[in-house]
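Residue numbers (our numbering), protein chains in the order written: chain A, 372 to 741; chain B, 309 to 814; chain C, 17 to 434.
Simulated from the structure, these hints should not be mistaken for lab results.
None of the values given here were measured: they were computed from a predicted structure.
Note that beta-carbon positions come from the ideal geometry of N, C-alpha and C, so glycine has one too.
A few of these clues could be false.
What the hints assert, rightly or not - What follows is a list of derived Cβ distance ranges for each label pair:
hint	chain 1	residue 1	chain 2	residue 2	range
1	A	718	B	617	53 to 59 Å
2	C	174	A	568	56 to 62 Å
3	B	444	C	41	44 to 50 Å
4	B	652	C	59	52 to 58 Å
5	C	392	A	480	41 to 47 Å
6	C	363	B	652	49 to 55 Å
7	B	624	C	363	16 to 22 Å
8	A	403	C	303	54 to 60 Å
9	B	579	C	236	31 to 37 Å
10	B	671	C	44	53 to 59 Å
11	A	553	C	176	16 to 22 Å
12	C	236	B	444	55 to 61 Å
13	C	363	A	550	17 to 23 Å
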Amino acid sequence: MRRLSLRAVLLGLAAPVGALVFAAAVCSVILVVTGHSPADVVDSMSASLDRPRTTVIAVNNATNYYLAAVAVAIGFRMNLFNIGVDGQYRLAAMLSAALAGASFMDGLPSVLRVALTMIAAVLVGAFWAGIAGFLKVTRGVSEVISTIMLNAIATALVAFLLNPNRLAVLEGNDIHTPTITSGGQVPGIPYSGSSTEVHGLILVAVAIGVLYWFVLARTRFGFDLKATGLSESAAVASGVSVKKMVLASMLLSGAVAGLVGMPELLGGAHSYSLNFPPGIGFIGIAVALLGRNHPIGMAFAALLWGYLDASSNGLDVAGIPKEIVAIMQGVIVLSVVVAYELVRRYRVRLEQREVGKALGTIKVPEVVGS
Amino acid sequence: MSSIAVELTGITKRFPGVVANADVNIAVRAGTVHAIVGENGAGKSTLMKILYGMQRPDEGTIKVDGAEVAFHSPADAIKAGIGMVHQHFMLADNLTVLENVVLGNEPRAGGRLDFRAARARIKEISDRYGLGVEPNRLVDDLGVGERQRVEILKVLYRGARILILDEPTAVLVPQEVDELFGNLRELKAEGLTILFISHKLDEVLSVADEITVIRRGTTVATVSPAEVTARRLAELMVGSALPVPELRESTVTDTTVLDVAGLTVTSADGRTVLDDVSFTINAGEVLGIAGVEGNGQAELVEALMGIRPLSAGTVKLRGKDINRMSTRDRRDAGVAYIPEDRHRQGVLLEATLWENRILGHQTKKPNVRGPLIDRRAAKADTQRIVDQYDVRTPSIDVFAAALSGGNQQKLIVGREMSGNPVLLIASHPTRGVDVGAQAAIWEHIRRARAEHLAVLLISADLDELIGMSDRLAVILRGRLVSYCDPKTVTPEDLGSAMTGAGEEVA
Amino acid sequence: MSGGGLSVGVETAPTPRKRRIRPGAYWLAALGAIAVIALVRVLTGATDLTSRGTVQAALTAAVPIALAALGGLWSERAGVVNIGLEGMMVLGTWGAGFAAYQWGPWAGVFFGLVLGTLAGLLHALATVTFGVDHIISGVAINLLAPGLALFLSKLYFTNAPGGGQKQSPPLTDAPHVTIPLLSPGLRSVEDRHWWLVSDVAGLLGGLVTSVSLLTIIAALLVIGSVFVLWRTPFGLRLRSCGEAPVAAESLGVNVYLYKYAAVIASGAFAGLGGAFLAISSSQFRDGQTGGRGFIGLAAMIFGNWRPGGLAAGAGLFGYTDAMQLRGSDAVHALLLLLGIALLVLAVVQFLSGHRVIAAVAAVLGIGFAWWFFATDALPPELVGAAPYVVTLLVLALAAQRLRMPKADGQIYRRGEGG
């Protein structure tokens, strides 16, 4: 929100770049200790980047991750931890897939089918997150705990519903929801040199990103949300109804979480099965942290994550367990939050010093609570 | 002449961009009460943190009983016989008195904590100094006075010979202060040395054997109370005469702005914290509420602001019932609010000044246009406040955290005076600010009063209350027990009324 | 993002009344619970509800949960929230698999403990030294640990005899002990199917028959935690860091040190829990923990941040876990038990004046009872959700009786308080 200066930009970049370098160093050490060559890993991963297909997969991954990250970031901006994006996304994807695949939908126009599917996903995601929001405002239940519990309950519910006697069909050994016919699908965007297409719903991810930026930076609602995140007590004194904000942001977060599965469902898999990638909600947390809840920062972080995942598949072939990438991602998250914290403290002190200098005062600025 | 218990020489402590202490020199004789006075922000607390090992000086030496020491943590200070009673109690509510007292210095039997021995020792100290502390009670259940006695017992339990008391009277009424001073004289008689930090000059004059004055981070004089007057001390403290809170001619009109009737608030655990409170404030009038902290003032403010639900009663603003209005609606209806805790409720520390200008006024021009924030206009208006209210800042794009408390408070006052409010609820408006800011804030309140603003003033500073109020009400255990005329009442009478000792006074 | 999160809604939970509940009351409540279960057993004919086999299975399932919960207890009593327990457990399972197949179960236990300790150290470093938000650090550890475990698994187990990319070679279990005369005696009483008497016999039978040494160690660790945390100076200091770190600092307590100790111990317990899990199932498998770290966290909250409570919670969740393995009758009967428990809660809440909560509990209780009577079986997929549903219900309906450490989850920095 503040004027851009060269120093501000450098300070902003110091943390993520430092974290990446640190993570790469840690992984190199692990590789060397376990008798692998870091150079081989770099070779394998950069070689895969030359393949157009990897790029497409990376972008498609990034689309999912970005949506999950925005869902998480909506909570983060007001100090709410929606750990439950994962459960919200899976339950929403499963139920909306069942709806989209239902035979009565065949008769509807394509646009309406897609819209209905996405609305269903948004509603389910919002509902599931809303339970946590409701418990927090009425009973003071920590959303961290309740969303963890709701994730596990969602897992059980999905397992229960994904059964040929209920919402799924059995096809060979695969259990999945009825396949969505072409009228309910969203066409992809072709990418030259790759048979896989970029998910058409990447545009939804972009739109969500723009909307997220606009609401936070330019609207009263966004101001209230950020104020609550910075200081709940000050927000209350300023007239913000924190309970309403908690409920609203949990519902919004869940709604975006509901969209996470849509690009894959409508653009790739066309049905929900247990092959749907789990853990996207947690990746969303990582991406939101790395991107500092910033709409563009998160986009870069999502692309990085998507690329790391897409290019890791070749590693197993090269005889290096591809989990080295998962380790790297974990180290990035930990080191980036440490780095941001150090930069934040440095920045506050720097500013106090400058204000002190500018005013020639010797008053002690009161210590900032962290 | 007794020996020197503590000697601070050339102490300097810098923080980023500021010098909190510069070349501080103090010598405290053993077996005396030595007061350290200075206005808010003069560097008293930093100095005491240094002496107690919580912070380390950049320059200078500390000698205890003639031997030079270097404290790396409070543990070192405790070992050297120094104990500190903090202004904000340092107690764990969910632990018992016993656990709080022995923490860090536990008697052991084998590998276990020897509860029996601990209990006996606490009883012994409590009885010797007449502190009346019960070891097995949960601290959560104790009142303010009891907690302070537990704090003193904690220090004595550690065998401290040198006690630092940081603004110990801030939470006490005059009668309790007398009791405390009685205790201090008893401790002194036992040969203990006491460092007494305060900015209340009359208290200092009555209890101290010697007084050191700190101004702008450095020691300016050490005097004997017999040789100085309060006026002279004040001049030493601020380098000029202290501003005096006073109102000029009455501006009270006969239009009722706030009408509170039968206000009752019940806390979550079922206690009645406000009981049938009724009062009115007219346009151009300042109503002061006097009371010992914790007697319902905070709840009253929150109830009026719509932050805390009422169990009974009505609140009318200019004849209109606002009972069911949200905090935001009340603000929109013309209620301005200076909250008691600036950092927690008044500002967003890690947001810019212009964002802080919007805070609390998210629905009002010039900050917004419909549902959107109008950044340009908000910034322009922030600049107006900074200029008019003399907020010392290099720019409106810095974080509020970078400003001193006084400047933060001036920003808050300027913000709340914007948009033509009809009622100002000011809770401790000058707490923790320097005298310059204090005088400025008083002047702004006077000016707004002249322009027919109704003001509810809550303060712990009796001089401020008496000087700034047109009428004074005393709150005790959630009830308004009496009214006083600020023109005739003395701080002592007010203190009696606040403790309930003089309910007949009024 | 500060660690405390939003406190909204908390004020609706009144401070608990200081009414000490005597230990006898707990025993009475436990006996009452058994009587109800016994009654349900008689009514439904689901003998597995209280059979010796169920109790044994429940005990085995409860041990890793209890250890994770202990890990949570140690950490949170010192004021550090640890949702990285799951990841720490994962490392424990791998460590146990790695060492146990080569050098026997005790080496496995030791290795699991060491890996958990290292993960605890990492969490301490991030949260205590660098002041990172506790939840975020925990999430990062949960991202990191499974990747690391699978990486190492591929590296060391792929070519080991009987191992694979995602599993270790078979492991030897730790020794089991049976109390000679008592065990068969209880069995004969249990087989009579007398109400309450046989149920208690089945319960005790499970506790004295073929009990793993690992289970006994876990029980000792719970008791040891009570002693260390509540009876020693070390424990008092550790707890003071979770209640009022600034006050502790002002008395010369090295808050960082105790937080470090607590979080490292927390990792050690979680690692141990993972090791016990791998060893008692005779193999390390990828994804073996299956959220047990989170269930442990739930058990600790269910147990109100107290060792006795978390043991009860772990026992309860282990019991529902065991039910999944025993016939569908017993699983179905769980619905009725849950219904009755909710109705009891409704009465308790009504008597303490919480009308709305009582009504909600009653409606839910009737709902579960109705579900029991209207159906013949409970889908096994849903049973796994039981611990989570129960914890949510406890949080939602009995939250005013819970009391977490006051400074739990808050970031503490030396010299910045007061």
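Hint by hint, here is what the structure shows:
1. 718(A) / 617(B): 53 to 59 Å: violated, 40 Å
2. 174(C) / 568(A): 56 to 62 Å: Violated, at about 35 Å.
3. 444(B) / 41(C): 44 to 50 Å: violated, 20 Å
4. 652(B) / 59(C): 52 to 58 Å: holds, 56 Å
5. 392(C) / 480(A): 41 to 47 Å: Once the Cβ atoms are compared, 43 Å apart, the range 41 to 47 Å for residue 480(A) and residue 392(C) holds.
6. 363(C) / 652(B): 49 to 55 Å: Given about 40 Å between the Cβ atoms, the range is violated.
7. 624(B) / 363(C): 16 to 22 Å: Given about 43 Å between the Cβ atoms, the range is violated.
8. 403(A) / 303(C): 54 to 60 Å: For residue 403(A) and residue 303(C) the Cβ distance comes to about 28 Å; the hint is violated.
9. 579(B) / 236(C): 31 to 37 Å: The hint (31 to 37 Å, Cβ to Cβ) is violated, given that residue 579(B) and residue 236(C) are roughly 44 Å apart.
10. 671(B) / 44(C): 53 to 59 Å: Since residue 671(B) and residue 44(C) have Cβ atoms about 57 Å apart, the given range 53 to 59 Å holds.
11. 553(A) / 176(C): 16 to 22 Å: For residue 176(C) against residue 553(A), whose Cβ atoms are near 48 Å apart, the range 16 to 22 Å is violated.
12. 236(C) / 444(B): 55 to 61 Å: violated, 30 Å
13. 363(C) / 550(A): 17 to 23 Å: violated, 51 Å
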